[in-house]
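S.K.: One letter stands for each residue in the lines below.
2 protein chains.
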Amino acid sequence: MRFTSERRLDDGVLEREFTLGEIPGILWTPPAAPAPLVLLGHPPLGLDKMYPRLLARARHAAAEGLAAAAIELPGAGARPRWPAFEQAHADMRRALEAREPLTDEIIDALVLPLVGKAVPETQAALDALLTLPGIRGPVGYAGGVIAIGVRLALVEPRIAAAVLFAGSFAPRRTFEEARQVTVPLHVLLQWDDESNDRQAALDLFDAFGSEEKTLHANMGGHAGVPHYAGEDANRFFTRHLR
Amino acid sequence: MRFTSERRLDDGVLEREFTLGEIPGILWTPPAAPAPLVLLGHPPLGLDKMYPRLLARARHAAAEGLAAAAIELPGAGARPRWPAFEQAHADMRRALEAREPLTDEIIDALVLPLVGKAVPETQAALDALLTLPGIRGPVGYAGGVIAIGVRLALVEPRIAAAVLFAGSFAPRRTFEEARQVTVPLHVLLQWDDESNDRQAALDLFDAFGSEEKTLHANMGGHAGVPHYAGEDANRFFTRHLR
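One line per chain: the protein sequences are D and W, in this order. Count the first sequence with my numbering and you get residues 1 to 242, in order. Count the second sequence with my numbering and you get residues 1001 to 1242, in order.
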């Protein structure tokens, strides 16, 4: 892991860009160290494009005494193109535009290879981040792609709590894995999310095996999560990580 | 309104019992006055029986700088018996024990007369409580019987925000009224509530007309609302009443 830039934000948060092999990432640490770490999940649209929202989430986490980090997903941002993923994405778009149902095959082809690459990369980032003096476990995951969050919660024992956005396509396999998840979960659902099947999201919440799981449903579309929903999520992390 | 007892609790909260005509009630006020008021709804089981849970809710409200009050429901506790309500309750119990479906007639007979009496009584209590020097508006309602909370949110303009428990039988009429409710709502749902139809609760949440409405679903049965769910609800009140 190599730091490539460093700046101190006005609220005292230290923002550092890094690379881990070919993978770029950003780490935000609050003034009080060592801090528990929250991994910020996001959709595969590129860290550059996601930066404003990631920064806002990292600042809120820092206000609760939590560090935050995000890494670039495979095929996104400045990382090498991934033709198979682009093909799967094109297939999904074509089905949506033709108003055809999204088959299990289309969703599996889009999501499962992404999970298969992103999860071990996230674990490698965790190995590196947890060696830093300002960072300590336990670790939280706050997810963009639900299938990545579920797999991480299942296979990575350093993750002690997860905030999941029930707002992206979940393969059948994710439902099966959800039944085996046991860490405390805080699940966010946008009630009127135009790009999400509400009943499927409720079914996935029901499927989780965790003894402590909470669903917070709010009005509005995909990107309209209200600020107080983010505050509730940070308090959930504070309860479990501090 | 006549105060009949007064004691100072160890956390500085002033607890006063009162009567308003034939209706007994309890008022809790925090040390810092004047405080916005939260009306504590509860099932018609008697204030005596509900006291430990009401006291806990009032203490948590006081810790957020909120006053809290509860009045005895018609036919409950030390109030005169109400044979028609007892008959409707017996009809419901008989249907449940015979594993028959609860018809609209049974639910209407049980709930609508209770709403018809309890809502104007609550409004009269509000008239009296808001004349006290330690109490100010706006007012919140945190509900036991969902149909009472919905009617109050609809007809009582002093209620600026409501926390509703999606955990009791809702007549068709309550669904119709819910569509007309516009105040901010924070709805609690116990996911595994043995005495509640989860889908009906989700449908009711969907029906509310309020632009700001949040559903917090937690694991466990009817009485198992976790402490952090209560904290979230108090923060909702703090946001809207202070």
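Careful: at least some of the hints might be erroneous.
Stated by the list, open to error - A short, non-exhaustive set of chain D residues, derived as facing chain W with CB atoms under 8 Å: (1) F169; (2) D193; (3) E194; (4) E212; (5) K213; (6) T214; (7) H240; (8) R242.
Claimed, not checked - Take a look, some chain D residues computed to stay more than 10 Å from chain W by CB distance: (9) S5; (10) A33; (11) L45; (12) E64; (13) P101; (14) P120; (15) P157; (16) R179; (17) D206; (18) E211; (19) A217; (20) N218; (21) P226; (22) Y228; (23) A229; (24) R235.
No wet-lab data here; the hints were simulated from the structure. All of these numbers come straight from a predicted model, not from anything done at the bench. Even for Gly, the Cβ is constructed at its ideal location relative to N, Cα and C.
S.K.: It remains to establish, for every hint, whether it holds in the given structure.
M.R.: Against the structure, the hints come out as follows:
1. F169: violated (21 Å)
2. D193: Given a least distance of 13 Å, the restraint on D193/D is violated.
3. E194: violated (16 Å)
4. E212: holds (7 Å)
5. K213: Holds: closest Cβ of chain W sits about 6 Å from K213/D, inside 8 Å.
6. T214: With Cβ-Cβ at 5 Å, under 8 Å, it holds.
7. H240: Violated. Min distance 11 Å.
8. R242: violated (14 Å)
9. S5: The claim holds: S5/D sits with its nearest Cβ about 37 Å from chain W, beyond 10 Å.
10. A33: For A33/D, whose nearest Cβ neighbour in chain W is about 26 Å away, the distance exceeds 10 Å, so it holds.
11. L45: holds (27 Å)
12. E64: holds (14 Å)
13. P101: Check passes; 23 Å lies beyond 10 Å.
14. P120: holds (31 Å)
15. P157: Given a closest Cβ separation of 22 Å, the condition holds.
16. R179: holds (15 Å)
17. D206: violated (7 Å)
18. E211: Violated: least Cβ distance 7 Å, not greater than 10 Å.
19. A217: Given a closest Cβ separation of 4 Å, the condition is violated.
20. N218: violated (5 Å)
21. P226: violated (8 Å)
22. Y228: Incorrect as stated: the minimum Cβ-Cβ distance to chain W is 7 Å, not above 10 Å.
23. A229: A229/D is in fact no farther than 10 Å from some Cβ atom of chain W, at 7 Å.
24. R235: The claim is violated: R235/D sits with its nearest Cβ about 8 Å from chain W, within 10 Å.
Consistency with the previously given hints fails for numbers 1, 2, 3, 7, 8, 17, 18, 19, 20, 21, 22, 23, 24, ordered from lowest to highest.
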